[in-house]
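**Student:** One letter stands for each residue in the lines below.
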Amino acid sequence: MSSVSDPPAGKQSGGASPSDSAPDPTSKPKWEPTAETLAKFLALLGNDNEEAGKEYEKIRLKLIRFFEWRGCGSADILADLTFDRVLRKIDEGETITNPRAYVRKVGYYIYLEDDPSLLTDLDDDFPLAAPDNSDDDTDENEVRFICLDKCLAELPPESKSLILTYYQNEERAKKNTRRELAEQLGIPMNALRIRAHRIRKSLEQCIQKCMAP
Amino acid sequence: LAEEGNKVTPAREFLLGRLSEETRSRFEESFFDEDELFEQIEIAEDELIDDYLRNELSAADRDYFERMLLRSPRIAERVRVAGVLARVTAATPTVAQPTPEPAVSPLAKFANWFSPTSISGKFAYAAFGLILVIGGTGVTLKYLRLREASQKLQEDRAALERQVQELTTQNSQDRNRLNSELENQRAENARLTEELERQLDRPVQSIATFALTLLSGGNRAVDGGDSFRLQGTPAIVQFNLLLEADNYQSYRAVMATVSGKQIGTFTDLKSKTVGKNKHKIVTFRLSSTRFTPDDYVVEFTGIKASGQEESLRGYNFRVLPKAN
Chain A
1417 MSSVSDPPAG KQSGGASPSD SAPDPTSKPK WEPTAETLAK FLALLGNDNE
1467 EAGKEYEKIR LKLIRFFEWR GCGSADILAD LTFDRVLRKI DEGETITNPR
1517 AYVRKVGYYI YLEDDPSLLT DLDDDFPLAA PDNSDDDTDE NEVRFICLDK
1567 CLAELPPESK SLILTYYQNE ERAKKNTRRE LAEQLGIPMN ALRIRAHRIR
1617 KSLEQCIQKC MAP
Chain B
787 LAEEGNKVTP AREFLLGRLS EETRSRFEES FFDEDELFEQ IEIAEDELID
837 DYLRNELSAA DRDYFERMLL RSPRIAERVR VAGVLARVTA ATPTVAQPTP
887 EPAVSPLAKF ANWFSPTSIS GKFAYAAFGL ILVIGGTGVT LKYLRLREAS
937 QKLQEDRAAL ERQVQELTTQ NSQDRNRLNS ELENQRAENA RLTEELERQL
987 DRPVQSIATF ALTLLSGGNR AVDGGDSFRL QGTPAIVQFN LLLEADNYQS
1037 YRAVMATVSG KQIGTFTDLK SKTVGKNKHK IVTFRLSSTR FTPDDYVVEF
1087 TGIKASGQEE SLRGYNFRVL PKAN
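Line by line, the protein sequences are chains A and B.
Under the numbering used here, the first residue of the first sequence carries the number 1417, and numbering increases by one thereafter.
Under the numbering used here, the first residue of the second sequence carries the number 787, and numbering increases by one thereafter.
Just to be clear, a hint being listed does not mean it is correct.
In silico lysine-lysine, DSS-like type, Cα no more than 27 angstroms apart, as pairs [said to hold, decoys possible]:
1) B:Lys1056 - B:Lys1108
2) B:Lys1090 - A:Lys1590
3) A:Lys1590 - B:Lys1058
4) A:Lys1617 - A:Lys1566
5) B:Lys1056 - A:Lys1591
6) B:Lys1047 - B:Lys1108
7) A:Lys1566 - B:Lys1090
These are calculated hints, taken from the structure and not from any lab test.
Please take these sequences and the hints and turn them into a complete structure.
**Tutor:** Structure below.
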């Protein structure tokens, strides 16, 4: 049974000290996870290393999204801090029965902690990442365009056709196009949304690889 | 969870920060447990990005999106990619399919030889009529001439039958050759598709791209670059059409050979400003594989906000054959 206590009702204001269940990872002396602790944690996630590895990646992705959707710019760093803290609790003898719920709760504590060295400074390192339309951005956009062109060409023809049709047209015409597309494919609208989302996701991953230096 | 046409979904409410802290926390707990719900939130994120780009969010939602979600470099990059994707889907060309020659059966070809509309048929009928007119002076003479005409017609018929036979043989050979070429092409396409699919998981290499900047009205480009030479490997050709003036909301470009064979149509093209001199240009891209050596024209149309269209001065360019 998890010993992580329920989080407080709201985000604490400045000066509040971290709770016992969520110790400050920046406190001294610095704790480091060992291979043994990591093995204990992975054993909670799956029967073998492959299964545990996949589950770890899944939880980490959800944790990053958890922080991003709460407006934290440094989401991946906060996710790693969360895992460090979970491993530390395991090291201290904590019994964890539901790793997903436990990790989320610890992540929530990290979010709530009003520690300037943990959140504010980190977020200052990641200022508003809003896309701009300045001339400096134009070249990068051209590369992005070429990569998209190339990645679209690499999609299987039916996926390419689906994604181009799905994202065509403005609001009203788009709804009709999508309904017709779902009818043609013989699938419900929600299944079409999922299919389009997965193609878009793979397309974005391809573009990311293509743009990598 | 999400109904098509109804954007107010729990996932969207969650992303836009409209849930109470308690509900939000329960929602987060759920998406950690349920992968399907997590995917639905990712889809809601897709749709939110698209709405943000199309300016379809309320002022409050837009503000929240920019303040909270755009802090994430990942979401900011997704917005940029979605912008480029929107450009591509808006300018997806409608490629003209070549009109196939109507199929003519050997029998129809044979019949054409005797049709009054064919030259040879007309000639045969005229010759026969002439024989009848001239052969009216005496029975013997008639007989001799008719026999001669009959022999001539028999010879003509034999010659025509030979021609039909030759055409049938030729047609069959052509068909076999074309079928063989088609099979080879299909095998090559399948091989290339397999090769591409094998490479999907590998890092993508950069693709050869070159630009062709054109002036309107057939004026030669400043650098004389109104032509390009086909290369051994396919490349992307970016066409930059320099505008004389930018008085329209959008533009349409129809590309064709000078003989009228259409290559592609690009609609809803938007102008953009480039360079220190703030030139206005319209760009679009095509694969070099669409072109054969020829002269090409780009018919250009300006479209006003009211939808009114005006034909503008076109652009010309030349595609040169591969260098030996």
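**Student:** Between the alpha carbons of A:Lys1590 and B:Lys1058, is the straight-line distance 27 angstroms or under?
**Tutor:** holds (26 angstroms)
**Student:** Would the pair A:Lys1566 and B:Lys1090 pass a check requiring their Cα atoms to be no farther apart than 27 angstroms?
**Tutor:** violated (32 angstroms)
**Student:** Can the restraint linking B:Lys1056 and A:Lys1591 be considered satisfied, given a maximum Cα separation of 27 angstroms?
**Tutor:** OK: B:Lys1056 and A:Lys1591 at ~24 angstroms, within 27 angstroms.
**Student:** Holds or violated: are the alpha carbons of A:Lys1617 and A:Lys1566 at most 27 angstroms from each other?
**Tutor:** holds (15 angstroms)
**Student:** B:Lys1056 and B:Lys1108 were given as a pair; does the straight-line alpha-carbon distance stay at or below 27 angstroms?
**Tutor:** violated (32 angstroms)
**Student:** Checking one constraint from the list: CA of B:Lys1047 to CA of B:Lys1108, max 27 angstroms. Satisfied?
**Tutor:** holds (21 angstroms)
**Student:** Take the C-alpha atoms of B:Lys1090 and A:Lys1590, compute the straight-line distance between them, and say whether it is at most 27 angstroms.
**Tutor:** Cα-Cα ~23 angstroms, so holds.
Comparing the model with each numbered hint stated earlier shows that hints 1, 7 do not hold.
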